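Participant: Produce the entire structure from the sequences given, and follow the hints as far as they go.
2 protein chains.
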Amino acid sequence: MIVDTLAIVGPGLIGGSFSLALKQAGAVREVLGVGRNPARLTVARELGLIDRAVDWAEAGQADCILLALPVGETEAVLKLLAPHLKAGAIVTDAGSTKANVVAAARAALGARAADFVPGHPIAGSEQSGPGAARADLYQGKKVVLTPQADTRAAALATVRALWEAAGAQVEMLEAALHDRVFAAVSHLPHLAAFALVDELAQRADGDTFFRFAASGFRDFTRIAGSSPEMWRDIALANREALLTELDAYVAALQSLREAVAGEDAEALLTLFSRARNAREHWIETQD
Amino acid sequence: MIVDTLAIVGPGLIGGSFSLALKQAGAVREVLGVGRNPARLTVARELGLIDRAVDWAEAGQADCILLALPVGETEAVLKLLAPHLKAGAIVTDAGSTKANVVAAARAALGARAADFVPGHPIAGSEQSGPGAARADLYQGKKVVLTPQADTRAAALATVRALWEAAGAQVEMLEAALHDRVFAAVSHLPHLAAFALVDELAQRADGDTFFRFAASGFRDFTRIAGSSPEMWRDIALANREALLTELDAYVAALQSLREAVAGEDAEALLTLFSRARNAREHWIETQD
Numbered sequence: 001m002i003v004d005t006l007a008i009v010g011p012g013l014i015g016g017s018f019s020l021a022l023k024q025a026g027a028v029r030e031v032l033g034v035g036r037n038p039a040r041l042t043v044a045r046e047l048g049l050i051d052r053a054v055d056w057a058e059a060g061q062a063d064c065i066l067l068a069l070p071v072g073e074t075e076a077v078l079k080l081l082a083p084h085l086k087a088g089a090i091v092t093d094a095g096s097t098k099a100n101v102v103a104a105a106r107a108a109l110g111a112r113a114a115d116f117v118p119g120h121p122i123a124g125s126e127q128s129g130p131g132a133a134r135a136d137l138y139q140g141k142k143v144v145l146t147p148q149a150d151t152r153a154a155a156l157a158t159v160r161a162l163w164e165a166a167g168a169q170v171e172m173l174e175a176a177l178h179d180r181v182f183a184a185v186s187h188l189p190h191l192a193a194f195a196l197v198d199e200l201a202q203r204a205d206g207d208t209f210f211r212f213a214a215s216g217f218r219d220f221t222r223i224a225g226s227s228p229e230m231w232r233d234i235a236l237a238n239r240e241a242l243l244t245e246l247d248a249y250v251a252a253l254q255s256l257r258e259a260v261a262g263e264d265a266e267a268l269l270t271l272f273s274r275a276r277n278a279r280e281h282w283i284e285t286q287d
Numbered sequence: 001m002i003v004d005t006l007a008i009v010g011p012g013l014i015g016g017s018f019s020l021a022l023k024q025a026g027a028v029r030e031v032l033g034v035g036r037n038p039a040r041l042t043v044a045r046e047l048g049l050i051d052r053a054v055d056w057a058e059a060g061q062a063d064c065i066l067l068a069l070p071v072g073e074t075e076a077v078l079k080l081l082a083p084h085l086k087a088g089a090i091v092t093d094a095g096s097t098k099a100n101v102v103a104a105a106r107a108a109l110g111a112r113a114a115d116f117v118p119g120h121p122i123a124g125s126e127q128s129g130p131g132a133a134r135a136d137l138y139q140g141k142k143v144v145l146t147p148q149a150d151t152r153a154a155a156l157a158t159v160r161a162l163w164e165a166a167g168a169q170v171e172m173l174e175a176a177l178h179d180r181v182f183a184a185v186s187h188l189p190h191l192a193a194f195a196l197v198d199e200l201a202q203r204a205d206g207d208t209f210f211r212f213a214a215s216g217f218r219d220f221t222r223i224a225g226s227s228p229e230m231w232r233d234i235a236l237a238n239r240e241a242l243l244t245e246l247d248a249y250v251a252a253l254q255s256l257r258e259a260v261a262g263e264d265a266e267a268l269l270t271l272f273s274r275a276r277n278a279r280e281h282w283i284e285t286q287d
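Chains A and B, in that order, are what the protein sequence lines are. Using UniProt numbering, the first residue of the first sequence is number 1, and each one after it goes up by one. Using UniProt numbering, the first residue of the second sequence is number 1, and each one after it goes up by one.
Any given hint might turn out to be false.
No copy labels: a pair is met if it fits in one copy or bridges any two.
As the list claims (entries may be wrong) - Below, a list of computed lysine to aspartate or glutamate pairs in the DMTMM-like style, where the Cα atoms sit at most 20 Å apart:
#	residue 1	residue 2
1	Lys142	Asp219
2	Lys86	Asp4
3	Lys142	Glu46
Hints in this document: simulated from the structure, not taken from any laboratory. All values reported here derive from a predicted model rather than from experimental measurement.
Facilitator: See the structure below:
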């Protein structure tokens with residue numbers, strides 16, 4: 001047993017899977033659910049993701065509280081929790097951006113921000129909601145924690161132990177670097193996929209284009225099936241890093257455009273070969 | 001039996017799979033192989049993709065000749081075949097671009113260009129070569145034919161019947177429209193994937209970025225594992241349509257950039273929702 005009581009704010013895919021994994025591992029005795037959507041809490045209880053739905057006051061008495069929410073809601077929810085936090089309670093989150101979440105924790109929690117451990121599990125799916133939760137979602141997946149200079153060591157150790165009990169591999173990154181890295185390898189690709197699909201869909205003869213799209217298009221645009229609300233929040237929360245990545249990507253496309261326009265066969269072959277090799281090298285380091 | 005003898009120029013994944021499917025369907029008696037790589041012909045014969053390796057003169061005596069080659073080689077190969085083409089022989093191809101192939105056929109075949117049926121099977125894989133060929137590659141897949149005003153009706157009917165015997169669904173498009181459509185739904189996504197991977201790989205701290213790349217990145221960049229030579233040829237062969245698509249895509253990314261920079265939550269949600277809906281609608285029309 002790592003903690004006696006765990007409270008999940010927003011028990012859907014992310015929070016519910018955390019709960020199922022920890023229960024299966026015997027790492028927690030009781031899981032409480034809290035949130036602004038009572039219907040979701042009922043479903044979460046029926047699916048066994050939480051043992052009881054509670055209010056903010058009771059949630060604040062849990063040993064550990066996980067926020068599994070769109071990052072834009074972090075500060076508002078922490079403000080609801082703050083007056084009720086018992087001494088020693090640990091708060092953590094599962095948001096896709098970290099610098100803004102750290103700022104929200106400082107604003108909402110004041111001195112208790114030392115008990116806040118910012119986290120980001122690199123797992124998910126286009127599916128969402130309590131029904132999509134599963135005990136093995138984090139098995140073998142990375143979870144990034146971005147502790148601050150004043151984060152309490154014991155709080156960090158507990159959150160780390162919980163994620164490891166859930167099957168994840170925990171890594172530490174500085175919050176700003178986390179945001180830069182995920183802007184490049186996750187947020188930009190999502191926006192690029194949304195943009196490609198939308199640009200075609202907006203054409204008067206778009207149907208002709210979609211009719212001949214095949215498996216390459218399907219995989220390239222899979223992430224354009226993700227939640228629009230979640231990605232709106234992420235784009236805004238990680239705005240600066242994302243703008244830097246968008247500019248770098250547009251510059252890369254412009255330089256590729258020049259090679260095509262100038263019929264520079266050598267430059268195209270070099271770039272395509274370099275990209276394929278880099279991707280093959282990356283795939284070999286996975287799993 | 002649709003044709004007695006079929007010759008495959010370059011029996012690899014595309015040509016070899018065509019041969020296997022037609023043999024399985026009983027649509028051809030004998031398959032000949034020809035090409036500038038004798039070692040590949042030997043492998044193709046050993047794998048049963050062709051019955052015999054022949055020279056250009058004998059290949060020209062086949063009833064139907066399929067070019068399964070990088071599109072950049074079309075004109076040179078047709079010039080090798082042209083002097084040997086028997087009366088009534090049909091020539092077709094499997095190239096990913098069509099306007100340039102049509103021009104190559106006119107240049108190399110002269111009046112016999114009426115016996116040339118331009119084609120493009122929408123099937124493939126990152127794998128290539130004779131060892132990757134399989135009888136079911138075209139099962140349920142689309143094949144686009146782009147006949148010209150002077151294409152002989154009987155030649156078109158035969159090529160259509162062959163692809164249908166191989167399990168494919170045949171569609172007709174005007175060559176220039178074909179090139180526009182595939183620039184948008186295939187060629188541009190390939191270049192966009194290559195560019196994204198290369199841009200990260202070129203960074204001094206690129207390893208940190210790749211270390212946290214996950215399944216979304218893997219799918220988005222899967223097509224960056226494709227053959228650099230083949231994609232160099234396609235980019236050059238379909239240059240004009242591709243430049244138009246690159247410009248449209250960069251404009252779409254710039255407009256998305258403005259929404260992020262201006263923190264226009266509404267515009268982001270609208271765009272992401274429209275893209276997701278369009279993709280869901282497309283997925284429903286597949287299979």
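Participant: Next, verify each hint and record whether it holds.
Facilitator: Going through the hints against the structure:
Only between protomers do lysine 142 and aspartate 219 lie at most 20 Å apart by alpha-carbon distance; the minimum there is 18 Å, versus 22 Å within a single protomer. When the C-alpha separation of lysine 86 and aspartate 4 is checked against a cutoff of 20 Å, the pair qualifies only within one copy, where the shortest distance is 14 Å, while the shortest distance between copies is 85 Å. For a Cα distance limit of 20 Å, the shortest separation of lysine 142 from glutamate 46 qualifies neither inside one copy, at 29 Å, nor across copies, at 46 Å.
Checked against the numbered hints given earlier, the structure breaks only hint 3 and satisfies all the rest.
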